[in-house]
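Enquirer: One letter stands for each residue in the lines below.
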Amino acid sequence: MNPFSSGTRLRDMIRAIRACKTAAEERAVVRKECAAIRTSMNENDQDYRHRNLAKLMFIHMLGYPTHFGQMECLKLIASAGFPEKRIGYLGLMLLLDERQEVLMLVTNSLKQDLNHSNQYIVGLALCALGNICSAEMARDLAPEVERLLQFRDPNVRKKAALCTIRIIKKVPDLSENFINPAAALLKEKHHGVLITGIQLCTDLCKVSPEALEFLRKKHTDGLVKTLKDAVNSPYTPEYDISGIADPFLHIRLLKLLRVLGQGDADASDAMNDILAQVATKTESNKNAGNAILYECVETIMSIEDNGGLRVLAINILGRFLSNRDNNIRYVALNMLMKAITVDAQAVQRHRATILECVKDSDASIQKRALELVYVLVNETNVKPLTKELIDYLEVSDQEFKGELTAKICSIIEKFSPEKNWYIDQMLKVLKKAGNFVKDEVWHALIAVISSASDLHGYTVRALYKAFQTSSEQESLVRVAVWCIGEYGDMLVNNVGMLDIEDPITVTESDTVDVVKIAIKHHALDLTTKAMALIALLKLSSRFPSCSERIKDIIVQHKGSFVLELQQRSLEFNSIIEKHQNIRSALVERMPILDDATFSTRRAGSLPAAASTSGGASLNLPNGVAKPSAAPLVDLLDLSDDLPAPCSSGGDFLQDLLGVDLSPAPSQSGIGQIQKAGTDVLLDLLSIGTPLQSSSPTTDILSSNQNDKSPIATLDALSSPSSLSAQATSSARAAPMMDLLDGFGPSPLKPEDNGSVYPPLVAFQSSSLRITFNFSKQPGNPQTTLIQATFTNLTPNVFTDFIFLAAVPKFLQLHLDPASSNILPASGNGSITQNLRVTNSQHGKKSLVMRTRMSYKFDNKVTLEEGQINNFPQDLGS
Amino acid sequence: MIRFILLQNRQGKTRLAKYYVPLEDSEKHKVEYEVHRLVVNRDPKFTNFVEFRTHKVIYRRYAGLFFALCVDITDNELAYLECIHLFVEILDHFFSNVCELDLVFNFHKVYLILDEFILAGELQETSKRAIIERMGELEKLE
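Line by line, the protein sequences are chains A and B. Throughout the first sequence, residue numbering follows this note's numbering, covering 378 to 1254 in sequence. Throughout the second sequence, residue numbering follows this note's numbering, covering 9 to 150 in sequence.
Looking at chain A on its own, in the form it has when it is part of the complex:
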């Protein structure tokens, strides 16, 4: 009956899966297995239940959906035998988590098993509870767990202790009940119970100030003694890790002592001796020993001050830092970061070593070291440190450059002793890593340049030179282009030469060349090009001799596909051509950007900037990260129709992208239900069959219906709006004429290709109606011309009326401009708009369309949406 003994089918299945040569083969095997398992489940097969679940767990591990097995877990848990329960609980932990509602059903079984007479079954239940317990379960089952903390078998006690950690994390209010039983565990002789008890007390202290206070008062001395015993214990092979006695117990004790000592001088005092003993006596040639030392250093740094101990700790870190093992150096850097608040001077002594670590080839070390260097910088060492970092910028990895650049810029900004130095350093950064410089950084640079009026000439010349070598660095180009636009004349005339400069000869035409290169450079983006256009405009006034040439460059963008560039080009061109008289006034040098106002404004906007950037990258550790598809779906405004949020959102995108729609073969039952929920979408997106069944009447549209529907339309026109016959007059007349036109020649021959189709009320709400009139061009049956007529059924005038339509991929839609964007009240006039739809699947699929109307009245924007899938059948086929 053992499901796992060899020769049974779990083994066979794993073999079969392993034998698969391709992913497709594997999917086929898994699909077959899943089908068999489902059948077996449906038959409520008792004998194979746990074998099935074991298989499902393997399939789950391969990444296939296995939701349909969840109920089986519950059934197995509820059965009597240990083997069944064991697999049931394992499945519960793997296939479910605390957020599934199914989990509520298991609370009762858990309660029974926690009270079971068989301690192994109690162990299973505790283990499951510890791993997936939700807040509700924590409340329901806390009394059981509390009782089990005193259970006779130590295996149960230690499990209960860890289970309690989960419970108090979920519901901190419950911690009060656990303080005494947890504290009792600290006196345990059993090693496993002691170690878990210490962990529990550490976590209790985190969630409950009372627990912290209680343990600090009553148990600090006891814990110090326990640690002393551990340090002086004779050799015990059982807990020995590569020659170090019981490091895990040491580490947990040190951690709890740290919590107790923090902020309490007496408790800190009580542990001083033992900490000194650990710090001096622990061997540091093994990883396990270093792990203890590391924990000990952290405790020393965190508890209340004791000068001697701290010296000891910093020395240990110094030793770590010069260790050949990268892991040890990493933790040293990590800890020095904490030490710096305690003893900055001591950390400064290791500056050179830390700087070397920034240049390490291991990204983890680089990152830690850079952060450490960043906090080590001060007014006195900023110049050499910045030089080192900027030099390294050149050779650093691409992935590291972004972070390094940000830190360097921040250092320069924070500690720059004078503007000249600031500008020099920033230019160096821009030259080496301009593509990594954030917008706010180069904005700030421009503000500084602007305010340093004696350095304008120097800066623009330096930028000119930098541009010659590094024209691919976007933000360098931007700053250069801006400065050339402002101070181009200083570049040419060598105004404001500093002693350190070599004179250069730049002609006006050279200057224009720079801007021209920037504007032509394919890799540079819109902002840069727009800035370049402004620079050109400014230069046209500064260099009258180049005015013609500049005009030519500007004019080239008259036909730019980018609206912004096109507009600027046209405007600037007309300034140059027609408004000579105001040009020089328009392009005067910018007033000095005041540092102070700039930085306060920036400070104001900074939090917002920070929060947006943080939101994207630093999303919650293991929280549910939002699928990036979601906003897109929102944009497309189909979210309302999507009951299943993310997964089907992805599907929808796939649809749009034309990815095959057929549900993945291994898709689970739940998946399919979600699909069903989105059938609206499927309709829209063209699955032929559902569409036909959903509009069965369309294909029996006959001539008499053709006769009726326009009448119906007319009826509808006058009925809802009480306002008289006028409603249908004037503008209304146009579509009617159309209708009649269409009808006139051959009203009874709708099958005659390209002539008459029944008009359609495409949308009707209490406020708005849309009517479609169809026609086709002879000889082009794929293309349908639609005249849409919009009628306002309310007594308010709608302004800013916009009609949008979306069609699936096999259709092409072209919208002509609407006749107006103001829709008169009460049907007293209408807007018409022509649409042209081309059906690439003409004859196979019918037309479908989604529509969206937005309009304003009372200064409120209203949105309405509709979907049309009852287009006259004969339009398409």
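Hints in this document: simulated from the structure, not taken from any laboratory. Any given hint could be a false lead.
What the simulated footprint calls covered on chain A by chain B, stretch by stretch (three residues with Cβ under 8 Å from a Cβ of chain B suffice, anywhere in the stretch; the number is not a length) [stated by the list, open to error]: (1) 434-444; (2) 501-509; (3) 565-578; (4) 615-625; (5) 663-671; (6) 700-712; (7) 741-751.
Derived CB-CB ranges, DEER-like [said to hold, decoys possible]: (8) Q423(A) x E108(B): 30 to 36 Å; (9) D876(A) x E42(B): 53 to 59 Å; (10) R701(A) x E42(B): 26 to 32 Å.
Predicted model, so just to flag it, every value in this text is computed and none were measured. Cβ coordinates follow ideal geometry from the N, Cα and C atoms, glycine included.
Starting from the structure of chain A, add chain B where the hints point.
Expert: Leaving out everything else, chain B in the frame of chain A:
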């Protein structure tokens, strides 16, 4: 606290995945993929620690298998490194000279061992002998 434990081979096939925090299935797959990519190409001389989102991953390679623990940023990296090694020693002892195939065909036992070793994201037992004995008792109940 341990957030999750992953055991993957060089190709990125997951051989064991235990999560102590709730995650969507899709998110789990993403995490497994990302962690594999983070660790698989690192130089053996590099640290065994990589920052991963707002946590860090402590990993260790044994032949073609990567053992990875995702832990809090303030946790003791060196201790968790020892913890991985201890787990491997237990597996080695239990399967007497463990290889990847043992873990594939006996994945449920591996989970069982892990449940005796770590619970609720914290270390439960550090004695190899105690865990092997406990496994013996549990196997007798099958």
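Enquirer: If a hint holds in the structure, say so; if it does not, say that too.
Expert: A quick look at each hint next to the structure:
no. : hint                          : verdict
1   : 434-444                       : holds (count 6)
2   : 501-509                       : holds (count 5)
3   : 565-578                       : holds (count 5)
4   : 615-625                       : holds (count 6)
5   : 663-671                       : holds (count 5)
6   : 700-712                       : holds (count 7)
7   : 741-751                       : holds (count 3)
8   : Q423(A) x E108(B): 30 to 36 Å : holds (34 Å)
9   : D876(A) x E42(B): 53 to 59 Å  : holds (54 Å)
10  : R701(A) x E42(B): 26 to 32 Å  : holds (30 Å)
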